[in-house]
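Engineer: In case you want the letters, here they are:
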Amino acid sequence: MSGVVAFLTDPANWSGTTGIPNRLVEHLIISGLSLLFATVIALPLGLYIGHTNRGSSLAINLANIGRAVPSYAMMVIMLPLTLSLAPVLGYDPTFGLVFLPTFLAMAFLAIPPLLVATYAGLRSVDRELIEAGRGMGLRDSQILGRIELPLASSIIVGGFRTATLQVIATATIGAILSGGGLGRFIFDGLAQGAAGYPSIYAGAVLVAGLAIAVDLVLSLLQTRLTPRALRKARRRGPSGPTSVIDSPDLQEQAASPA
Amino acid sequence: MRTSRVLALGLTALVLVGACTSGATPTPAAASPGTGASAPASAPASAPASEGPKVSVRIGSDNFYESKLVGEIYAQVLENAGYPVERKFGLGSRQQRIPTMDAGQVDLVPEYVGSGLGFYDKTKITGDGQKNADALQAALNAANKNITVLAIAPGTDTNAFAVRPDTATQFSLSKMSDLAAHQADLKWGLPSDCDTNALCAGALKEYGLTYPPAKRTALDACSVPMATALQGKAIDVAEFCSTQPAIAQFGFVVLADDKQTQPAENLAPLVRNDYLAKVDKDAFSALLNAASAKITTEELTKMGVSVDVDHKDVGEVAKAFLQAAGLIK
Numbered sequence: 001m002s003g004v005v006a007f008l009t010d011p012a013n014w015s016g017t018t019g020i021p022n023r024l025v026e027h028l029i030i031s032g033l034s035l036l037f038a039t040v041i042a043l044p045l046g047l048y049i050g051h052t053n054r055g056s057s058l059a060i061n062l063a064n065i066g067r068a069v070p071s072y073a074m075m076v077i078m079l080p081l082t083l084s085l086a087p088v089l090g091y092d093p094t095f096g097l098v099f100l101p102t103f104l105a106m107a108f109l110a111i112p113p114l115l116v117a118t119y120a121g122l123r124s125v126d127r128e129l130i131e132a133g134r135g136m137g138l139r140d141s142q143i144l145g146r147i148e149l150p151l152a153s154s155i156i157v158g159g160f161r162t163a164t165l166q167v168i169a170t171a172t173i174g175a176i177l178s179g180g181g182l183g184r185f186i187f188d189g190l191a192q193g194a195a196g197y198p199s200i201y202a203g204a205v206l207v208a209g210l211a212i213a214v215d216l217v218l219s220l221l222q223t224r225l226t227p228r229a230l231r232k233a234r235r236r237g238p239s240g241p242t243s244v245i246d247s248p249d250l251q252e253q254a255a256s257p258a
Numbered sequence: 001m002r003t004s005r006v007l008a009l010g011l012t013a014l015v016l017v018g019a020c021t022s023g024a025t026p027t028p029a030a031a032s033p034g035t036g037a038s039a040p041a042s043a044p045a046s047a048p049a050s051e052g053p054k055v056s057v058r059i060g061s062d063n064f065y066e067s068k069l070v071g072e073i074y075a076q077v078l079e080n081a082g083y084p085v086e087r088k089f090g091l092g093s094r095q096q097r098i099p100t101m102d103a104g105q106v107d108l109v110p111e112y113v114g115s116g117l118g119f120y121d122k123t124k125i126t127g128d129g130q131k132n133a134d135a136l137q138a139a140l141n142a143a144n145k146n147i148t149v150l151a152i153a154p155g156t157d158t159n160a161f162a163v164r165p166d167t168a169t170q171f172s173l174s175k176m177s178d179l180a181a182h183q184a185d186l187k188w189g190l191p192s193d194c195d196t197n198a199l200c201a202g203a204l205k206e207y208g209l210t211y212p213p214a215k216r217t218a219l220d221a222c223s224v225p226m227a228t229a230l231q232g233k234a235i236d237v238a239e240f241c242s243t244q245p246a247i248a249q250f251g252f253v254v255l256a257d258d259k260q261t262q263p264a265e266n267l268a269p270l271v272r273n274d275y276l277a278k279v280d281k282d283a284f285s286a287l288l289n290a291a292s293a294k295i296t297t298e299e300l301t302k303m304g305v306s307v308d309v310d311h312k313d314v315g316e317v318a319k320a321f322l323q324a325a326g327l328i329k
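Residue numbers (the working numbering), protein chains in the order written: chain A, 1 to 258; chain B, 1 to 329.
Everything labelled a hint here was simulated from the structure, so no lab data went into it.
Derived coverage of chain B by chain A (criterion: at least 3 residues anywhere in the stretch with Cβ under 8 Å from a Cβ of chain A; other residues may be distant):
1) 190-200
2) 209-220
3) 223-229
Virtual Cβ for every residue (Gly too), placed ideally from N, Cα, C.
Generate coordinates for the entire structure from the input sequences, incorporating the hints supplied.
Structural biologist: As structure tokens, then:
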């Protein structure tokens, strides 16, 4: 334990490319980019299947296959592909080793919770509200943008929180393929045997700390995005606002955070 | 996995066959010349003196493919000469296997002389296989283990640096000393503990390389990602194990360790002295030594591809190797 404190307070570990600040930034970059990519795929797809209720079981089951493949296996499967595409697409093979496999594995990890939450969020909207909107002459895009999306937003952000938490925690394994990020402290520590324990534990503490900090920020965002009327309703509820998807009938539809 | 299941089945079959044929002689350890029905167990004295009694031998191995493979090679050579063999492969790691042998539950195991010596005294490990074997014998004697180290095989499974064939041609690289002149042109794949590892950073410095290299990627030595990265040109020099199947699979060029910076990990059979006392020691040793002499690093790598990549049966791979070497028919 004292070793961990010594590691975290050693000025040498707070500067340069191998220092904690740089590793933290690397960790946020790979996590952020994967989440962005996952959102670009999962959000429109989720909005489509949620709004139309078409192809939902296919899309969600397909996405859940992504959950069944361990991220490390995904990286090792991706590696030959991303390396052999390097000369074809003209990027540096190092990029295909250090960045792409981890990036893709993390995106696949983030898609299922985002997709499921978006779909579930939209389906949770009271049918009568949608019918009322339709009765007022709103077009489909207006129903989606003015009724469904605002009412579903807190659930969607809930899914985003789950995805973010998983990605930040799992992005550590990028270090296996020479990636940067906080995983370096863990894997470099493991390679040193007993002498590496402070580094391993410090890395674990940093990853956990980062995940909690980012989750807190997102939980504030989630509260903000919840329509005022619903916020009041929640406050009256027995358990208050919870982190992911808190309407009981939706918990069955939404897969639980792994 | 499949291999081990086949092995287990084979073992079961062997035990069953053994139980059937030896029916009249319930103790397989009792002196019985030849196998099966060739001669009754009651006439050991009539066997020729030079042949000695063919006592059943229990062969063990560690639980990874190369150890099982070499154990199987020794097993088949002995079986071919008429020794009944009981296979006890996959005993675990060295930490579990050594107590098993000390307790007399196996008579023979294949061992890497460097790491085997390291179990007793890490400071005595050298880059010379014979010296390691001698030091291991001395360590075994000092610990009163009553175990003999037979002749070492030329094959050694140690840390090795390899490049792609195109890199080897481009910079005319064949040994580690050739690297210094081209260091800056190469991307290095090194394990992340290299900095603090005398066998890694220390060895590279001995070859006049500036450490750490400018372009360096942290990957586990001997790992699949390391091989994939080298093949995919994300790195140009990779640290492997010298008998790693990927070397033969992708045709990588292993650079000779011309300054002997790495521990020599030649394979050698370790045999319990109490077993050797029961057989004609010289004839028994000669059989194993002849087999060991054919086990080269290249052969081990090739057989590794068959077993570990193509998932062929260990028994068949060992048999093909021994037939090609002319040691069995």
